[in-house]
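Undergrad: Order-wise, the sequence lines are chains R and W. FYI, the numbering used here numbers position 30 of the first sequence as 30, with every residue one higher than the one before it. FYI, the numbering used here numbers position 92 of the second sequence as 196, with every residue one higher than the one before it.
Calculated directly from the structure, the hints in this document are not laboratory data. Fair warning: there could be bad hints in the mix.
Cβ-to-Cβ under 8 Å is the rule here; a few derived chain W residues that face chain R [as the list claims (entries may be wrong)]:
#, residue
1, 227
2, 235
3, 391
4, 448
5, 449
Pulled from the structure, derived: some chain W residues nowhere near chain R, Cβ distances all over 10 Å [to be verified]:
#, residue
6, 210
7, 224
8, 231
9, 252
10, 295
11, 332
12, 513
13, 585
DEER-style ranges, computed between Cβ atoms [to be verified]:
#, chain 1, residue 1, chain 2, residue 2, range
14, W, 599, R, 38, 44 to 50 Å
15, R, 85, W, 277, 29 to 35 Å
16, W, 612, R, 31, 36 to 42 Å
17, R, 87, W, 558, 56 to 62 Å
18, R, 102, W, 587, 51 to 57 Å
For each residue, glycine too, the CB sits at the ideal point set by N, CA and C.
This is what each chain is made of:
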Amino acid sequence: MIEQVAEPLPASGFEKVVLELEVNNHPGVMSHVCGLFARRAFNVEGILCMPLPDGRRSRIWLTVFADQRLEQLVRQLERLVDVLEVRRHGADHEVFVQLERFFQ
Amino acid sequence: MMTMTGAELIVRLLEQQGIETIVGIPGGAILPLYDALSQSKRIRHVLARHEQGAGFMAQGMARVTGKPAVCFASSGPGATNLVTAIADARLDSIPLVAITGQVPLAMIGTDAFQEVDIYGMTIPITKHNFLVRSAAELLEVIPQAFRIAMSGRPGPVLVDVPKDVQNQLVTFERLPVPAVPDPLPPLDEPAIAAAARLIDEAERPVLYLGGGVIHADAAPLAVTLAEQTAMPTTMTLMALGAMPVDHPLSLGMLGMHGARYTNFVLQEADLLVCVGARFDDRAIGKASQFCPEAKVIHIDIDRAELGKIRRPDVAIHGDVKAVLQALLPRVRAQLRKRWLSHVAGLKSRFPLVLEGREDPRSHYGLVQAVAKALDDEAVVVTDVGQHQMWVAQAYPLRRPRQWLTSGGLGTMGFGLPAAIGAALAEPQRTVVCFTGDGSLKMNIQEMATLAEEGGNVKIVLMNNQSLGLVYQQQNLFYGKRVIASNYRRPTDFVKIAEGFGLEALDLDRSEHPEADLAAILRRPGPALIHCSIERERFVYPMVPPGAANTEMIEG
């Protein structure tokens, strides 16, 4: 699943970063994570989520602008009980690069 | 091995968590749980008259004790009626566990009778929430709910339990151990050392205390820090009582309705030591002009608060009590005579003026007459509006957890049920609930609960026949175009209170108001004290919404 969850930044002069979230796998997790962006007015460009092989956890990939609110966004994410870990990657991370052809 | 229903399991888990009082209202989808509760010898149930009242009663219990409290509601409208009380608990960081009934699992998503997605609805307003899908999950979910509610920054947790899960049999070896709060975060020693240096070097520091100081039971330590380092101390609405208001270092409340000198002192500060506060807009006014010359030390248990509004020079993530304990031996004892005498000068030039304080039938006078008749053991609850600000300004609060008010959400209707909750949890105390005629009407049905339970709650009603704070704003900022803020017909509150079975005193008709007031406050049991006040009395000083704190207006 990949979707636009918030208005893009008007002047998107900011670098993008890719965030990798390890979360508990149950039916409400996507609501918790997606709701947070809309509610806190964070700009998120894309979301991708799949369960991990053990079935107990899922991984969520996000692409976001690294504006001055990124730190706050990460802290808000870490505050969610079902978010177990947040890792940062550069914008060139292959997970979204490979998906690009589906969004032409 | 033990076998019981999900409902019986919930009751057992609540009992072993130490819950003694649950407030709620039954309905179809939660009847199995109520049936199980009927067999409990340790938990008493208090029947509210509206689920919002139940939520606020539970909040009152939690606010006065600091421990998580529980409320029950049925599915659909029962659950949606809890929403405001849950949102209020979230914004003020109150540990609350709300348990709702839900339609049976197989009917979820079918628009069944009294079905709403309360799980989805409460995601933004809970610290965490659960939709329980099997009775076995309860073994984990109920202790988790309590652990989450009371760990770190406290908050509300909702557990939605479908009716068939309540009836489902579950077999298990032993009950899980009762939940305890998570361990505190490790002390950030380098940050604490850096903070100590800033405090030692500062010439004009101010200590800024928030509700986190109350939640962490850190008020005595905060006072010690202020005394040791001679830091003038201001409190947010949520922190009132952390430092006695007549303490020589107290600056009282800051912000929109703070004293002028308080906001001027902050303006000149070169260091702001923020402890368990969150730079709320009603406290700091226009963020870019708040404490413009100050470096900032920010101590908070919630990392997301550090840097959310104001970038701190030193950020300390940690339990404020543990951090203050570690900080105290590291800061130099100081007198700061110059700064304190400058502060005293500002205080005498721009004091808080409590007009009419001698007249027990005026707004400030009534607050002070009530205070005079009571001691510091009393609990002071307010509703939301002008009366709330007058009480915050004029009541001599001296004790943490003496003061219960809806700060973040500002919920009219909070007062009466929260006061009943406080009286249920601490029946030895007198609980006084200051309210306005607008607020009281929003949960007035709880007078029936109060009469039934006989709690020692005194409702002090300041009646100005209007939604006073709205009326005030329309007069000050909307060209006196008054709309929808005045009540055209008076309400006979005395008759209403008596109708519900409460004792009532009408100060308007009293020949000896002060004596009558003192007498009724000292008589145990619930009562309404009614007093008409002038509609044209506004709350001053006032920082216009969006303005800087130094741009206060006076009456």
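Undergrad: Now, for every hint given, state plainly whether the structure supports it.
TA: These are the hints, each one checked on the structure:
no.	hint	result
1	227	holds (5 Å)
2	235	holds (7 Å)
3	391	violated (14 Å)
4	448	violated (39 Å)
5	449	violated (39 Å)
6	210	holds (15 Å)
7	224	violated (6 Å)
8	231	violated (7 Å)
9	252	violated (6 Å)
10	295	holds (16 Å)
11	332	holds (32 Å)
12	513	holds (15 Å)
13	585	holds (32 Å)
14	599(W) - 38(R): 44 to 50 Å	holds (48 Å)
15	85(R) - 277(W): 29 to 35 Å	holds (32 Å)
16	612(W) - 31(R): 36 to 42 Å	violated (52 Å)
17	87(R) - 558(W): 56 to 62 Å	holds (57 Å)
18	102(R) - 587(W): 51 to 57 Å	holds (54 Å)
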